[in-house]
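One letter stands for each residue in the lines below.
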Amino acid sequence: KAGVTQTPRYLIKTRGQQVTLSCSPISGHRSVSWYQQTPGQGLQFLFEYFSETQRNKGNFPGRFSGRQFSNSRSEMNVSTLELGDSALYLCASSLVGARTLGETGELFFGEGSRLTVL
Amino acid sequence: GESVGLHLPTLSVQEGDNSIINCAYSNSASDYFIWYKQESGKGPQFIIDIRSNMDKRQGQRVTVLLNKTVKHLSLQIAATQPGDSAVYFCAETAHRGDKFYFGSGTKLNVKP
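Residue numbers (our numbering), protein chains in the order written: chain A, 1 to 118; chain B, 119 to 230.
No wet-lab data here; the hints were simulated from the structure.
Hints may contain errors.
What the hints assert, rightly or not - As a list, the in silico SDA-like pairs of lysine to any residue whose alpha-carbon atoms are at most 20 Å apart: (1) B:Lys160 <-> A:Leu115; (2) B:Lys225 <-> A:Glu52; (3) B:Lys217 <-> A:Thr38; (4) B:Lys189 <-> B:Ser146; (5) B:Lys217 <-> A:Asn56; (6) B:Lys160 <-> A:Glu52; (7) B:Lys225 <-> A:Gly40; (8) B:Lys225 <-> A:Glu111; (9) B:Lys225 <-> A:Thr38; (10) B:Lys217 <-> A:Glu52.
Nothing here was measured: the structure is a model prediction, and the numbers come from that model.
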């Protein structure tokens with residue numbers, strides 16, 4: 001079964017531009033999470049979507065946004081890019097559905113989209 | 119919010135030795151923990167998980183220990199191999215998997 005697919009794998013932007021990253025989860029997974037990974041801050045949670053609804057959001061400014069489509073594919077957008085936005089953006093999908101007691105699920109990560117802001 | 123951290127940022131071991139990677143967490147409500155391995159240029163890969171109703175779980179060459187009293191998690195790798203060289207992250211969640219917090223990572227170097 002295909003894993004989590006992220007596109008593009010690498011991209012370079014300049015300050016002030018905006019970027020859209022795409023994530024296709026594992027078939028059947030309805031939860032998609034996004035993480036930002038930098039050497040200084042490690043893996044930081046951006047947001048999580050389930051059934052087209054944002055369920056959780058991390059502590060990132062409003063320039064970071066996302067959405068999920070009916071086929072569970074997700075996109076995240078960063079507007080007005082800053083140098084500090086340079087990072088590896090990781091998408092993870094999970095089988096976690098409704099918050100049923102005892103229903104936990106591991107995250108399956110994609111290879112990430114490496115964004116460089118110049 | 120929750121914080122998850124690691125005691126050792128870098129660990130060097132000899133091939134064949136056992137490795138122990140430690141992790142501390144701060145949220146006593148966390149009920150599910152995962153160890154991930156991340157090789158250079160790749161996304162994190164699941165190694166092993168444990169729920170808060172357990173204190174030990176074993177996989178192939180790996181064992182995770184959970185001490186809820188002191189909010190400590192450890193990953194033990196037996197007979198460490200060069201292919202184990204990677205960065206290891208612990209992750210915890212108190213919301214049944216919809217929001218994970220990750221530690222800062224420990225880099226494991228396996229010397230041949």
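So if I understand the rule, the pair passes when the alpha-carbon distance is 20 Å or less; does Lys225 of chain B with Glu52 of chain A pass?
Outside the cut-off at roughly 36 Å; violated.
Assess, step by step, whether the Cα of Lys225 of chain B is no farther than 20 Å from the Cα of Thr38 of chain A, and give holds or violated.
holds, 15 Å
Run the distance test for Lys217 of chain B versus Thr38 of chain A: straight-line Cα separation, threshold 20 Å.
holds, 19 Å
Has the given pair, Lys217 of chain B with Asn56 of chain A, been kept, meaning a C-alpha gap of at most 20 Å?
holds, 7 Å
Would you check the hint for Lys189 of chain B and Ser146 of chain B, treating anything up to 20 Å between C-alpha atoms as holding?
Roughly 7 Å separates the two Cα atoms, so the pair holds.
With the threshold set at 20 Å, check whether the alpha-carbon distance from Lys225 of chain B to Gly40 of chain A stays at or below it.
holds, 14 Å
Mind checking the alpha carbons of Lys160 of chain B and Glu52 of chain A for me, to see if they're no more than 20 Å apart?
violated, 27 Å
With the threshold set at 20 Å, check whether the alpha-carbon distance from Lys217 of chain B to Glu52 of chain A stays at or below it.
holds, 16 Å
Check the hint pairing Lys225 of chain B with Glu111 of chain A against an upper bound of 20 Å on the C-alpha distance.
holds, 19 Å
Next pair to validate is Lys160 of chain B with Leu115 of chain A; report whether the Cα-Cα distance is within 20 Å.
Distance ~14 Å between Lys160 of chain B and Leu115 of chain A Cα, so the pair holds.
The structure fails to meet hints 2 and 6 from the earlier list, while all remaining hints are met.
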